[in-house]
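Just so we're on the same page, our numbering is the position in the sequence shown counted from 1, plus 3.
A couple of the hints might just be wrong.
The calculated label-pair distances, taken between Cβ atoms and stated as ranges, are [as the list claims (entries may be wrong)]:
| hint | residue 1 | residue 2 | range |
| --- | --- | --- | --- |
| 1 | H109 | R19 | 38 to 44 Å |
| 2 | D80 | R182 | 31 to 37 Å |
| 3 | A46 | G100 | 46 to 52 Å |
| 4 | R209 | G43 | 36 to 42 Å |
| 5 | A216 | G17 | 33 to 39 Å |
| 6 | S111 | A37 | 29 to 35 Å |
| 7 | Q41 | A254 | 40 to 46 Å |
| 8 | G305 | R33 | 51 to 57 Å |
Below, computed lysine to aspartate or glutamate pairings styled on EDC-like, alpha-carbon distance capped at 16 Å [claimed, not checked]:
| hint | residue 1 | residue 2 |
| --- | --- | --- |
| 9 | K200 | D141 |
| 10 | K307 | E219 |
| 11 | K200 | E286 |
| 12 | K142 | E265 |
What the hints contain is simulated information worked out from the structure, not anything from laboratory work. Since the structure is predicted, the reported quantities are computational estimates derived from the model, not experimental observations. Quick reminder that beta carbons are idealized off the backbone N, C-alpha and C, glycines included.
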Amino acid sequence: MTTESRHFTAAEAGARLDRFLAEQCPDLTRSRLARLVQQGMVAVNGAPSRPSQAVRPGDVVELTIPPPTPLDLAPEDIPVPIVYEDDDLLVVDKPAGLTVHPAPGHPSHTLVNALLALRPNLSGIGGAQRPGIVHRLDKDTSGLMIVAKHDAAHHSLAGQLQARRVHKRYLALVWGCPRPESGTVDAPIARHPADRKRMAVVDGGRASVTHYAVLERFPDASLVEARPVTGRTHQIRVHMAHLGCPLVGDALYARGRPAPVERHFLHAASLAFQQPATGETVEVSSPLPPDLQSVLDAFREGAKSAGAPLARRA
């Protein structure tokens, strides 16, 4: 990758330089442009500039975009299926047990390390040669995640998320049966006041909304479809526990319950969003992974053996 130069001539007066650049460069985020100005990569009429200076008619603005800086992260050959890909983004099917981002004390064996190996030529996101993680999944949640390949795609997809135009559907096996069997949980979420590892429904927390519907009922559990509107940490897990129906296998929110699976039963099963360049709708889906499918099959067989009728939604 090489250094890129862009030249613009102002036609109107009055705009601040940072706003002018944002209008001229919709493929770059405002934060990225601000960093480039601070790094001396923007000149007005050949002179150094500052973000707040006014642009006058006839001013020539030169923007220099250096190649992305390599991250101090090692690519790792970790199997991560890619279920959709185009020039702007890819959608991966994250396996359970894989952390998304490196963190202090955990610099390796993450989804980012895997992506750097899968697609070594990823464009820069925010000036760094790294994949653009658009949204996250908990370490032990499996399923679909969107990854942007460059700033423009990341900016578009992040905007869709903020505007709640990315439609996510999860499958969860929960203890008991939510009442009513379909509805909306509109309950704010924040850190648990007594246990900082957990989240909880807390007055004054961040607004959190989840639509849900029971798909199948078993004698002591239910398969639930969850469609989160917001994207808070542990949102589905917390909202189901708030209904008195914590996820099967959830060590944080289903304490004291049996654990027939080694992780919580939650899978990001489908996504729908707009392709950043064309605006066309992209829809992708992922089947339950084998560990969750075997648990679901066991609940179904258990219901049959007990002579309990399976109740399924059409």
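Need the status of pair K142, E265: alpha-carbon distance at most 16 Å?
With a Cα-Cα distance of about 13 Å, the restraint between K142 and E265 holds, given a limit of 16 Å.
Using the beta carbons of D80 and R182, state whether their distance is inside 31 to 37 Å or not.
Roughly 47 Å apart at Cβ, these two residues miss the hinted range, so it is violated.
May I ask you to test the hint 38 to 44 Å on the CB atoms belonging to H109 and R19?
Check passed, 40 Å falls within 38 to 44 Å.
Quick check on a hinted range of 40 to 46 Å for Q41 and A254, using CB atoms only.
Holds, at about 44 Å.
A46 paired with G100, Cβ distance criterion 46 to 52 Å
For A46 and G100 the Cβ distance comes to about 49 Å; the hint holds.
Verify the CB-CB distance for R209 and G43 against the hinted window 36 to 42 Å.
holds (38 Å)
When you take the CB atoms of A216 and G17, is the distance between them in 33 to 39 Å?
The hint (33 to 39 Å, Cβ to Cβ) is violated, given that A216 and G17 are roughly 52 Å apart.
Take the C-beta atom of S111 and the C-beta atom of A37, compute their distance, and say whether it sits inside 29 to 35 Å.
holds (31 Å)
Can the restraint linking K200 and E286 be considered satisfied, given a maximum Cα separation of 16 Å?
Judged against 16 Å, a Cα distance of about 34 Å means the pair is violated.
Are K200 and D141 close enough, with their CA atoms no more than 16 Å apart?
The hint holds at about 13 Å.
So does G305 sit 51 to 57 Å from R33, Cβ to Cβ?
Since the Cβ atoms of G305 and R33 sit about 54 Å apart, the hinted range of 51 to 57 Å holds.
Pair hint outcome, K307 versus E219 [Cα-Cα no greater than 16 Å]
holds (13 Å)
Checked against the numbered hints above, the structure breaks hints 2, 5 and 11 and satisfies the rest.
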